[in-house]
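For the record, the sequence lines run as chains A and B.
Each step along the first sequence adds one to the number in our numbering, with nothing skipped, and position 296 is 296.
Each step along the second sequence adds one to the number in our numbering, with nothing skipped, and position 190 is 190.
Keep in mind that the hints are not guaranteed to be accurate.
[Claimed, not checked] Coverage of chain A stretches by chain B, computed from C-beta distances (three or more under 8 angstroms per stretch; other residues unrestricted):
1. 148-158
2. 161-168
3. 236-250
4. 262-271
5. 274-280
6. 285-291
Since the hints were made in silico from the structure, they are not lab data.
Backbone N, C-alpha and C define an ideal beta-carbon position, used for all residues, glycine too.
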Amino acid sequence: MSQVKSISPEKMSLRDYYLTRLRLTGRNFREFLSKLSRNPTAMIGLVIILFFVFLTIAGPSIVPKDPMQISLTERLLPPFWMEGGSTEYILGTDQLGMDLFSRIIVGTRISLMIGVLTVSISIVIGTILGLLAGYYRGVLDNILARFADLLLSFPWLIFAIFTMAVIGPGFYNLVFALTFKGWVGFFRLVRGEVLSEKTKEYVDAARALGQNNFKIMAREIMPNILNSIIVLGTLRMGFMIIMEASLSFLGLGIQYPEPAWGSMVNIGRDYMLSAWWISTFSGIAILVMVLSINMLGEGLRDILDPRLRRIE
Amino acid sequence: MQAARIIERILIAIPIILGIGVVIFLIMRLTPGDPVDIMMGQAGHVSEREVELLREQWHLDEPLIVQLGHFLGDLLRGDLGMSFTKGRPVWALIMQALPATIELAMVSAFFALAISIPIGVISAVKQDSLIDRISMAGAFFGICMPIFWLGIILIIIFSINLDLLPTYGRIGSDVNLQRITGFYILDSLLTGNWEALKSSIRHLILPSITLGFPMAAIVARVMRSSMLEILRNDYVVMARAKGLNEFSVIVKHAMRNAMIPTVTVIGLEVGMLLGGNMIVETVFSWPGLGRLVVSSIFVRDYPLVQGVVMIYAFTFVFANLVVDILYTYINPKISM
Numbered sequence: 001m002s003q004v005k006s007i008s009p010e011k012m013s014l015r016d017y018y019l020t021r022l023r024l025t026g027r028n029f030r031e032f033l034s035k036l037s038r039n040p041t042a043m044i045g046l047v048i049i050l051f052f053v054f055l056t057i058a059g060p061s062i063v064p065k066d067p068m069q070i071s072l073t074e075r076l077l078p079p080f081w082m083e084g085g086s087t088e089y090i091l092g093t094d095q096l097g098m099d100l101f102s103r104i105i106v107g108t109r110i111s112l113m114i115g116v117l118t119v120s121i122s123i124v125i126g127t128i129l130g131l132l133a134g135y136y137r138g139v140l141d142n143i144l145a146r147f148a149d150l151l152l153s154f155p156w157l158i159f160a161i162f163t164m165a166v167i168g169p170g171f172y173n174l175v176f177a178l179t180f181k182g183w184v185g186f187f188r189l190v191r192g193e194v195l196s197e198k199t200k201e202y203v204d205a206a207r208a209l210g211q212n213n214f215k216i217m218a219r220e221i222m223p224n225i226l227n228s229i230i231v232l233g234t235l236r237m238g239f240m241i242i243m244e245a246s247l248s249f250l251g252l253g254i255q256y257p258e259p260a261w262g263s264m265v266n267i268g269r270d271y272m273l274s275a276w277w278i279s280t281f282s283g284i285a286i287l288v289m290v291l292s293i294n295m296l297g298e299g300l301r302d303i304l305d306p307r308l309r310r311i312e
Numbered sequence: 001m002q003a004a005r006i007i008e009r010i011l012i013a014i015p016i017i018l019g020i021g022v023v024i025f026l027i028m029r030l031t032p033g034d035p036v037d038i039m040m041g042q043a044g045h046v047s048e049r050e051v052e053l054l055r056e057q058w059h060l061d062e063p064l065i066v067q068l069g070h071f072l073g074d075l076l077r078g079d080l081g082m083s084f085t086k087g088r089p090v091w092a093l094i095m096q097a098l099p100a101t102i103e104l105a106m107v108s109a110f111f112a113l114a115i116s117i118p119i120g121v122i123s124a125v126k127q128d129s130l131i132d133r134i135s136m137a138g139a140f141f142g143i144c145m146p147i148f149w150l151g152i153i154l155i156i157i158f159s160i161n162l163d164l165l166p167t168y169g170r171i172g173s174d175v176n177l178q179r180i181t182g183f184y185i186l187d188s189l190l191t192g193n194w195e196a197l198k199s200s201i202r203h204l205i206l207p208s209i210t211l212g213f214p215m216a217a218i219v220a221r222v223m224r225s226s227m228l229e230i231l232r233n234d235y236v237v238m239a240r241a242k243g244l245n246e247f248s249v250i251v252k253h254a255m256r257n258a259m260i261p262t263v264t265v266i267g268l269e270v271g272m273l274l275g276g277n278m279i280v281e282t283v284f285s286w287p288g289l290g291r292l293v294v295s296s297i298f299v300r301d302y303p304l305v306q307g308v309v310m311i312y313a314f315t316f317v318f319a320n321l322v323v324d325i326l327y328t329y330i331n332p333k334i335s336m
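Here chain B stands alone, though its shape is the one from the complex (with noise of 0.2 angstroms):
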C-alpha cells in the first residue's frame, strides 16, 4: 500500500517539474520586446556570435508554442543549454557548484535542527519560564532579521573584531585538498588531510549559523507549540500517572507525536534554506549555486540563470515529495 502511494506521489510531481518549466519560460520569453535584445542590449558587452547562438539555442525565429515543445523536449533530456559567459554546459556548471551548496544546506539544517528542537521542547516543558521567554524572543528575532545583515554582523564581530574564524571562501587559501567528491568535509576525511578539515569546518561555521537561524527560529517555535498540545492530551498523563520518569513521558510519548507537525514545517523550511542560500554564498563569498546564480545575472548569462533556478525549484519538490514520505512513516495514520 504505502509503496503504492510512494509512486503516486512521485507520479505527481512530474506534471509539476513540467509546470516549473513553463513558468520560467514564460516569464522568460513573454517579458515585452525580443528577449534577445534586451538581455544583449543591457549586457552591452556581447558579440554577434553569441547573439546568433542565443537565438539558435531558444529556437527564437518559430512560434512560442514551438519554443516552448522545444524548451521542454530539452528540460526532459536534461539539456539546459550552454553559458555564454563561461562557454560550458550549464549542467556541468551546476554539478560543479551544487557540492558546495550542498554542504553548506546540509550543516546548517543540521546546526538548526540541532539547536531548535532541544529549545522548543524546553521552552514547552518548562512554559512561561525565564529560559522559554527568553528564548521565544530569540526566535521571534530570528524571523524578523534579515539574513544578509546578520551573516555581515556575524562577519564584522567574529572575523573582524575578534578574529577568530575567517571572513569568506570554503578553505584557506593556503590548504591543498584533493577534490574527490567535491564535498570537502569528506574529501579531508577520505585524504586523511587533517589541515583541510580543520579549514574547512572554520569557514563552514558562520555561513551555516546565518543559514540555519532563521530555519531554528520557526522549528523552534513549531516544536514549541505542538508540544504544548501534546502535553496536554490525556495520555502523557497517564504516562505519567503509570510513574514513568519525566524523561521518558517528553520523549518516548510527547516528542514523537510533537515531530508530526514539524517535519511539515521542515518541509517548507527547505524552501527558505534554498533561498537563503543564494544570500549567504553572496555575503561570504561561497562558491555554490547561489554565487553562480547571482553572479550570472549581472553578466545577462540567461541559459546559466534559468537551469541554476529549476534545479532550485526542482530540489524544493523533491523535498517536500521527501518529507511527504517520510511523513507517513512518523505518522502512519495519516494518508498521503
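Chain A on its own, in the form it takes in the complex (with noise of 0.2 angstroms):
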C-alpha cells in the first residue's frame, strides 16, 4: 500500500515488473494489516462496519417484520420494555404501525450505499481530474481550480439543498447532488499531491527512461498518493451519510414511507410528545454508523497518512 518506488520497469518483463509489484504490494499489505489490527479504534470501527455491511445484504431476509407493513391496530407502541409494549416489536412502531426495528435495520442499506457511492464516484472523477491538472497544468487545470474554488465557496448542506430542491427527491437525486460537490475535495489533494510528487527524483528517472505520461500517471505516481485518497475517502463517507440523513430529514432525499434513517427522524418529531422512540433509535442508528466509519477513517489516517491530520 504505502511507497513502491524500488522496481525500474525498463529492464524486466511486463510480466515480471507486475509480479513483483505485487510482491511488494503483498508485504506492506500484510504489514498494514498488522498495524490496522494493533490500532483498537480502527478495528471496532471495522467490526461495527462489517456488521453493517451484514445488514445490507441479508437484512430484508433476517427483519422480522415487513419493513412496510401498515398496521393501524398497533399504532404508535412502546419499546417492549415500556409498558403498553410487545415482544413482538423491539423498539416500538410509527404512527402507521410500521415495526421500527425492522425499519432500521433495512434503513441501512440507503445509508450505506449513499456514502458508498457518492464517494467512490466522487473519488474516481477527482482523482483522474486531479491527475490531469496537476500532471499537465495549463488552460485545463486553471478552468478546473476555479470551478473547484467556486465550489467551495457553498457551504455543503446549502448546496445540496439547492440542488435537491431544484432536481427532486429519490435516491439517484441524492447521488447527483453530493457527488456535484464531492469530487472537489479528492480533485484538490490529488492535485497537490500530483504538484509535489512530480518533481521528485523517481519521476525524473522515469522520464528519463522514456516512460509515456500515462504510465508515469498511473505506475510512478498513482501508487503514493492512494493512502491518502484512500482515508479521505473513509472519512468523506462518514460526512456524506450525514448529508444524506439531513437532506431525508428535511424532506427534501428519500420519502417516507421508504425506510431510511433521516426521514424516520423526521416523522418522530411530530410525535415527539407521545412517541420519543421513533426519532430517537432511528437517530441512534445514523450515529453509530457515523462514529465507527470515523472511526475506521481516523485509525487509518494515523496508520497510512499521518500528515493528513493537518487537513482535516
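The task is to assemble the complex, starting from two chains supplied on their own in separate frames and drawing on the hints.
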C-alpha cells in the first residue's frame, strides 16, 4: 500500500514487473493489516462497519416484520420494555404501525449505499481530474481549479439543499447532488499531491527512461498518493451519510415511508410528545454508523498518512 | 501595505460572487425540461398569472446567454425578484428574517468558542489525562452526530421531560416586544423589557447549543492539536526556564500562536454554521432565513429559494474574507 519506488520496469518484462509489484504490495498489505490490528479504534470501527455491511446484504431477509407493512391497530406502540410494549415490536412502532426495529435494519442499506456510491464516484472523478490538472497544468488546470474554488464557496448543506430543491427528491438525485460537490475534495488532494510528487527524482527517472505520461501517472505517481485518497475517502463517507440523513430529514432526500433513517427521525418529530422512540432510535443508528466509519477513518489516517491530520 | 492587500482580497471576492450567481443560474435553468413547467407542475396550485410572472421575471423567451446577462445585471443591482407565494420582493423577506438568523448564529458561535477554546487548551496542557480523554471523546461524538437529531433529543429531554425550556419559536407568545432592530435580545435591552429578555434568552438556549455543538467539537480538536505542537517549541521551554508562571506561559505565549490555525478553521466552520442553521431553524421553528428557504422549497417559490441561497453563499464568502483579514493581524508574517 505504501511507497513502491524500488523497481525499474524498463529492465524487466512486463510480467516480472507486475509480479514484483504485487509481491511488494502483498508485503506492504500484510504490514498494513498488522498495524491495523494493533489500532483498537480502527478495529472497533471496522467490526461495526462489517456488521452494517452484513445488515445491508442480509437485512431484508432477517428482519422480523415487513418494514413497509402498515398496521393501524398497532400505531405508536412503545418499545418492549415499556408499559404497553410487546416483544413482537422490539423498538416499538411508528404512526402507521410499522415496525421500527425492522425499518432501522433495512434502513442501513440506503445510508451505506449512499455513502459508498457518492464517495466512489467522487474519488473516480476527483482523482482523474486531479491527476490531469496537476500533471499537465495549463488551461485545463486553471479552469478546473477555479471551478473547484467556486464550488467550495458554497456551504455544503446549502448547495445540496438547493440542488435537491431543483432536481427533486429520490435516491439517484441524492447521489448526483452529493457528488456534484463531492469530487472537489479529492480533486484538490490529488492535484496538490501530484504537484509535489512530480518534482521528485523517481518521476524524473521514469521520464528519462522514456516512459510515457500515462504510465508515469498510473504506475509511478498513483501508488504514492493512494493512501491519502483512501483516508480522505473513508472520512468523507461518514460525512456523506450525515448529508443524506439531513436532506431526508428536511424531506428533500428519501421520502417516507421508504425506510431511510433521516426521514424516520423527521416523522418522529411530530410525535416527540407521545412517541420519543421513533426519532431517538433512528438517530442512534445514524450516529453509530458515522461514529464507526470515522473511527476507522481516523485509525487509517494514523496508519497510512499522518500528514492528513493537518488538513482535516 | 496591509490596506492594499485587503483591497486586493475584496476585489478577488467579486468574481467569486458573480461565479456563485452563474452556478445557481445554471443549476436552475439547465435542469432538463421547461423550468416553469417543472416548477409549476410540482407546485400544483398556481395560476396562469404566476406562470406568466415567472416567464417574465426570468426572461425565459430569450436565449440562455441573454437570460444570464439579465440575471447577473439584476444581481449586481441587488434585485432578487419577487416571491410567488408571498407577493413581496425577495429582498424584503430576507431582510425581515435575517436578524433572527444572525442572532442565533452569533449566540451559537459565541457558545461554541467559549467552550471549545478552553477545552482545547486544557486538553493539550493535560494531554492524556482523564479530562483530555473525556473531552476528546465528546468532540469526536460532536463531529459524528447529526444535528437535527441532537436538537430533537435536547427537546425531548429539556422541554418535554424536564419542562425547563421552550420547544420552539423565538419568544413566548404571551410576551410583547416592540421591534426596533429585529434582534430580540438587543430590542428588549433597548426598551428595558426584562420579561422579553428572559423569554428570548430561554428560547435561544437549545437552538444555539444544537447549532454550536459541531463547531465546538471541531474547534476544540484543532485548538488541542495546535497547542500540543506549540508547547513543544523552544520558546515555550525558554519562557518556562525564565521562571514565568505556567498561566502566562500558556495564555501569553502558547495560546496566541495556537490561535492561528484555529482562526482558519473557524472561517471554514462558518459554512457549517450556515448550513446547520437551515436544519436547526426547521427543528426549533425559528423564524429566520433557514426556515424561510426550507418552507419555500415545498411551495416551489423559486425566486425566494434562489435569493436566500445566494445570500447564504455570499455570507460564507464574506466570512472567509473577514477571516483572511483577521489572519494578517494575528500573524503579520503571513502575506495574503
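Results for each hint:
Figure legend: the segment 148-158 of chain A, annotated as covered by chain B; annotation consistent (9 residues with Cβ-Cβ distances under 8 angstroms, at least 3 required). Counting residues of the segment 161-168 of chain A whose beta carbon lies closer than 8 angstroms to any beta carbon of chain B gives 7, which meets the minimum of three for the stated coverage. For the segment 236-250 of chain A, the assignment as covered by chain B holds, since 6 residues bring a beta-carbon within under 8 angstroms of that chain's beta-carbons and 3 suffice. Requiring three or more residues with a Cβ within less than 8 angstroms of a Cβ of chain B, the coverage given for the segment 262-271 of chain A holds, as 5 such residues are present.
Counting residues of the segment 274-280 of chain A whose CB lies closer than 8 angstroms to any CB of chain B gives 3, which reaches the minimum of 3, so the coverage claim holds. Counting residues of the segment 285-291 of chain A whose CB lies closer than 8 angstroms to any CB of chain B gives 4, which reaches the minimum of 3, so the coverage claim holds.
Checked against the numbered hints above, the structure breaks none of them.
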